[in-house]
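Q: Those protein sequences? They're chains A and B, same order as listed.
Residue 112 in the numbering used here is what sits at position 112 of the first sequence, and the numbering runs on without skipping anything.
Residue 320 in the numbering used here is what sits at position 191 of the second sequence, and the numbering runs on without skipping anything.
Each hint should be verified, as a subset may be incorrect.
Some chain A residues close to chain B (C-beta under 8 Å, calculated; not the full set) [as the list claims (entries may be wrong)]: (1) Glu16; (2) Leu20; (3) Glu21; (4) Leu23; (5) Phe24; (6) Gly33; (7) Ser35; (8) Val38; (9) Val39; (10) Ala62; (11) Lys66.
Simulated from the structure, these hints should not be mistaken for laboratory data.
Note that this is a predicted model, so its numbers are computed, not measured.
Quick reminder that beta carbons are idealized off the backbone N, C-alpha and C, glycines included.
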Amino acid sequence: MTSKIINMAEKLRDAEDRMLESLFASEPIADDGFSQRVVRRIRRRIWIRRLALPVAMVVGGAIAIKPASQILVAASKLLTVVPQDVVVKPAEWLPQVQGIAISGSLVQMAIYGTVLLGVGLLGARALTD
Amino acid sequence: MEVHGAGAIAQPATARDDQYLVALAVASQDTAAFGELIRRHQSQVRNFLRKLAADPVEADDLSQEAFLHAWDKLQTYSGRGSFIGWLLKVAYTTFLQAKRKSKRYAEVLDEAGHVADMESRSYTEDSQEVSDLDKLLAVLSQEERAIMVMSYACGLSHREIGDATGLPVGTVKSIIFRGKEKIRTSFDIKDHQHG
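Generate coordinates for the entire structure from the input sequences, incorporating the hints supplied.
A: See the structure below:
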């Protein structure tokens, strides 16, 4: 009931309201390719968003592969300088040495990957805007 | 609401209501359906922003931004109010964000000593032809202007304006009343109801 009264009151516009309506009234603006421009920008954003992650992964992987391989080579060399009795006899802490070397390289790769992914996403965002 | 995918757009676009097109755009990321929504409402959105931003080129840039934001947030449109009311809400938010950004930019320029440039720019703007509506809008605050434009130019109900601005209906009514009072006193308009 209250809402009906409010709606009725809104409809009962006086002469001043009509004058303001005529003052505020403006000619419709022709589209003139406006909607097409917006749709083109939306489509471009959709494509950029779809491509951002795979491209960032590929670029990140390509850049990270060299330092990652260097780390792996260094880790394998480290194993060769470990005394033979350590490598052969106490088999319980040899896996720890390998584990440390591998996890170190993985951490470094993860850091490289994260940084590159972040840069890629920020770049994609900048392109979108 | 049933959505049949992009193929269903073959029917005449005018036969479809806004909510159907919104559902189509959300469900299948259909940019053609959203394009139809833009075609339908671009005039109102651009007129609204032209009245707020004064510079038509800036207003059109803001309109594009507003439609891009609308696309990003389309799934948040509940279908409760009119679509144009929701669009104007997005447009108004875009305008306020741009205004805040340009204010910060002006502050940075000010600090860097570019005041002279800004002054010459405002002089150019002042020297342009000023319409009756511009004079009328000049006496209103930014909020009053937006609400008066939504009410008198876009024909939104008080409730729709409340939804768009995040203000209670009572506040919307009092802002409109205050705006009318300002216009009346500034332009010495007699109360039309009493001649």
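Q: Hint by hint, note whether the structure agrees.
A: Now the hints, each set against the structure:
1. Glu16: Holds, about 5 Å.
2. Leu20: holds (5 Å)
3. Glu21: holds (5 Å)
4. Leu23: holds (6 Å)
5. Phe24: holds (4 Å)
6. Gly33: violated (11 Å)
7. Ser35: Check passed: Cβ of serine 35 of chain A comes within 4 Å of chain B, closer than 8 Å.
8. Val38: Hint on valine 38 of chain A: holds, closest Cβ of chain B at ~5 Å, below 8 Å.
9. Val39: holds (4 Å)
10. Ala62: violated (30 Å)
11. Lys66: Given a least distance of 38 Å, the restraint on lysine 66 of chain A is violated.
Checked against the numbered hints given earlier, the structure breaks hints 6, 10, 11 and satisfies all the rest.
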